[in-house]
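K.L.:
Please construct the entire structure, taking both the sequences and the accompanying hints into account.
As you go down the protein sequences, you meet chains A and B in turn. The opening residue of the first sequence carries number 639 in our numbering; numbering runs sequentially from there. The opening residue of the second sequence carries number 10 in our numbering; numbering runs sequentially from there.
Treat the hints with care, as some may be off.
Unchecked claim - Lysine-lysine pairs mimicking DSS-like chemistry, simulated, CA-CA at most 25 Å apart:
no.	chain 1	residue 1	chain 2	residue 2
1	B	Lys-36	A	Lys-882
2	B	Lys-250	A	Lys-882
3	B	Lys-169	A	Lys-814
4	A	Lys-910	B	Lys-167
5	A	Lys-814	B	Lys-170
6	A	Lys-1002	A	Lys-1028
7	A	Lys-960	A	Lys-1002
8	A	Lys-843	A	Lys-814
9	A	Lys-814	A	Lys-710
10	B	Lys-36	A	Lys-814
11	A	Lys-960	A	Lys-790
12	A	Lys-1028	A	Lys-991
13	A	Lys-991	A	Lys-1002
14	A	Lys-718	A	Lys-649
15	B	Lys-250	A	Lys-881
16	A	Lys-1058	A	Lys-1028
17	A	Lys-790	B	Lys-167
18	A	Lys-1028	A	Lys-997
19	A	Lys-910	B	Lys-250
20	A	Lys-814	B	Lys-250
21	A	Lys-762	A	Lys-772
22	B	Lys-36	A	Lys-960
23	B	Lys-270	B	Lys-169
24	A	Lys-790	A	Lys-762
25	A	Lys-762	A	Lys-814
26	B	Lys-167	A	Lys-881
27	B	Lys-36	B	Lys-170
28	A	Lys-814	B	Lys-167
Simulated from the structure, these hints should not be mistaken for lab results. Only a predicted model underlies this, so the values are computations on that prediction, with no experimental measurement involved.
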Amino acid sequence: MGILLIGMSHKTSPLAIRERLSLSCENSGHPLERLRQMPSVREALYLATCNRVEVLVCTPDQAEREAGEGLKALLAERAKITLSELERCLYAFSDAEAVRHLFRVASSLDSLVMGEAQILGQVKEAYRVAVEQKATGMMLNRILHHAFQAAKRVRTETGIADNAVSVGFAAVELAKKIFGRLEGKAILLVGAGEMSELAARHLLKQGISTIFVANRTYARAEEIAGLFEGTAVSLEQIPEVLKKVDIAISSTGAPDYVLTREMVASALHRRKNRFLFLIDIAVPRDIEPSAGEIDNVYLYNIDHLQELVDENRHLREREAAKAEIILEEEIQNHLDWISSLEVVPTIVRFREKIEGIMKAELEKSASWRQALSESDQNHVESLVSSVVNKILHEPTACLREESRNRNGLAYAAALRRLFKLEK
Amino acid sequence: MTPFLFKAAFCAYLLSTLGYVTSILGKRVRIARASLWLMSAAFGFHSLFLLFRIVERGHIPILGYHEVLNLFAWIMAGIFIFFQFRTRTVVLGAFVSPVVLLMMIYASRGIGSVAVMPAVLKGTLVPVHVLLSLTGEALFALASCAGAMYLLQDHFLKRKKARRVSSILPSLGDLDRINHLCLLWGFPLLTLGVLMGAFWARVVWGSSWQWDPKQVWTLAVWGTYAVLLHQRLAIGWKGHKTAVFSLLAFLFFLTAFLVGKNLFPTIHRFV
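P.N.:
In structure tokens form, the structure reads like this:
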């Protein structure tokens, strides 16, 4: 039995090809159906996200090559490109390397943003679909469960997912450090811009329900407010709105300060000193820097946020080294399991074969053994069987012992070769 | 049984303190959570110890500094654990548990001694006076712990050092909430406690007020907290200012307590 994984990721292939392999294009049914029909595939899993496509299959012995060709043909067909075009973007791993790759993917070590949490959910979903379609069996079930376990260990034992690595998430994390819970808080968006809208979106996901949008042109404010189901206000109303909101994100193209220290101080007084979190994404800056010196006001500009993100990225990379060690351990566990899986049937077949020989020889000798007395006949039989058992004992014991470490597979293969145990 | 329970509580407090310190240094919230369980176990042993002690001696252990600080530690730990149901401030334990442990260390030096209850303290009002005042003061102690941690977190956030240490500390909102709740409950409890004391003084000493040093500094501390609560509720002080003020107020209380205890004679001393 062999394990084969072929796939492509953001590192090896352009989006144009990956998107054609995504599941949303229901061009020719779910690929699992096709995979299951292949004679060289026993078990299969198909994972497609926006950043990667992975096909993991379990093949019968000696069928790896055939399976590999089949998978490539299937992918080329689905992506509507030639085989040679496809092969340039593909990677292929087998056995231990395939397991290692899957473990790294599930633990988010291979992700574009290392440590992101989504990929594990996506792998789980792909597995759920495969189970539903009865495409998995003992091998893949075990590999996947092991991969989930490894990913969980990586998440809990390392800090790989601890710190925000995007400006939007950094803003959310800071807001949580200031307010604790974000439910029921209100935000003000001044000006429009991709980054400020993204930050607002992240904050809204945390349960913030009220949003005000201010803009130089009121119509644009209304437009953006419509996107978030918020309230549009004019720039002149900002001092008034500042009394009601807890977080303000500013990203206008204005040359002067939109929020002055005085404005913030007076708003803070009227809001009874409730915390105010100001995020200034604009260049040149929108919020007077000295506003951040006021008690209970926390002012972050784009550089502060970026610095935070950079440092967190760096921290994640450091944690990734720890994660690799954990994965190494988990991969080892899995390989041990596989090797024990291979060794046990080999031992059984080995015994069966030798005992078969013994029985056949005894039968052949039945004619001359008739001349012996019954007790002597028994003696001969027990003599032969005890010799056979003595001979079998050492190699089987040794094989069992070796199955506990990595050499088991090699010994089992040697034994199969030496005694012609293959069926 | 009682010495064993005290030792068990002491060891559990010690372990939880070590755990909390490790969690802050190692920046792991999970260790802090485990330490909270240890602290809860310690609180359980401590409660049993007090129960056995009351049954043994027939009165609440409030004689002398050893017993009073022991009670203070118990109340403070209890309130902190209670707050865990209402706020996400598990790491605050890193500031609370050492305080509790210090009091337990002091208490351990005299916990076995047997003192005779003086006649002047024989009355149901006395334990009520002590319990109310101690609870009020324990709440103030917690407010100051929360204030100290608030200032630390505030420093990190203001200086844009919201990195790893900051990420494990509780949020400003939660710390301020603890400060608020502590003042809101602590002040009326201390007020009631002082009134009970004054009432009892009138019964046994003939007058509510003796110009005793302890009475004077208690009144001063009470006044400080009255001002703080007023600023908080009426003026709208919040966050940074209340954190600083509650830390200073508690330091004042501590200084007054230590100076009063060591330098001035007082009639409010019974053992």
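K.L.:
Decide, hint by hint, whether the structure agrees.
P.N.:
The hints, checked one at a time:
1. B:Lys-36 with A:Lys-882: Violated. B:Lys-36 to A:Lys-882 sits at ~35 Å, over the 25 Å cutoff.
2. B:Lys-250 with A:Lys-882: Given pair B:Lys-250, A:Lys-882 holds - Cα atoms ~21 Å apart, limit 25 Å.
3. B:Lys-169 with A:Lys-814: Status holds; Cα separation ~15 Å.
4. A:Lys-910 with B:Lys-167: Distance ~20 Å between A:Lys-910 and B:Lys-167 Cα, so the pair holds.
5. A:Lys-814 with B:Lys-170: holds (15 Å)
6. A:Lys-1002 with A:Lys-1028: holds (22 Å)
7. A:Lys-960 with A:Lys-1002: violated (64 Å)
8. A:Lys-843 with A:Lys-814: holds (13 Å)
9. A:Lys-814 with A:Lys-710: Roughly 47 Å between the alpha carbons, so the hint for A:Lys-814 and A:Lys-710 is violated.
10. B:Lys-36 with A:Lys-814: Holds: B:Lys-36 and A:Lys-814 sit about 17 Å apart, inside 25 Å.
11. A:Lys-960 with A:Lys-790: Holds - the C-alpha atoms of A:Lys-790 and A:Lys-960 are around 14 Å apart, at most 25 Å.
12. A:Lys-1028 with A:Lys-991: Measuring from Cα to Cα gives roughly 15 Å; hence the hint holds.
13. A:Lys-991 with A:Lys-1002: Roughly 17 Å between the alpha carbons, so the hint for A:Lys-991 and A:Lys-1002 holds.
14. A:Lys-718 with A:Lys-649: holds (20 Å)
15. B:Lys-250 with A:Lys-881: holds (20 Å)
16. A:Lys-1058 with A:Lys-1028: holds (21 Å)
17. A:Lys-790 with B:Lys-167: Roughly 34 Å separates the two Cα atoms, so the pair is violated.
18. A:Lys-1028 with A:Lys-997: Holds: A:Lys-1028 and A:Lys-997 sit about 16 Å apart, inside 25 Å.
19. A:Lys-910 with B:Lys-250: This hinted pair holds, its Cα atoms lying about 12 Å apart.
20. A:Lys-814 with B:Lys-250: This hinted pair holds, its Cα atoms lying about 21 Å apart.
21. A:Lys-762 with A:Lys-772: holds (15 Å)
22. B:Lys-36 with A:Lys-960: With Cα atoms ~16 Å apart, B:Lys-36 and A:Lys-960 stay inside 25 Å; holds.
23. B:Lys-270 with B:Lys-169: Since the Cα atoms of B:Lys-270 and B:Lys-169 sit roughly 43 Å apart, the hinted pair is violated (cutoff 25 Å).
24. A:Lys-790 with A:Lys-762: holds (12 Å)
25. A:Lys-762 with A:Lys-814: violated (29 Å)
26. B:Lys-167 with A:Lys-881: holds (21 Å)
27. B:Lys-36 with B:Lys-170: holds (15 Å)
28. A:Lys-814 with B:Lys-167: Judged against 25 Å, a Cα distance of about 15 Å means the pair holds.
The structure shown violates the earlier hints numbered 1, 7, 9, 17, 23, 25.
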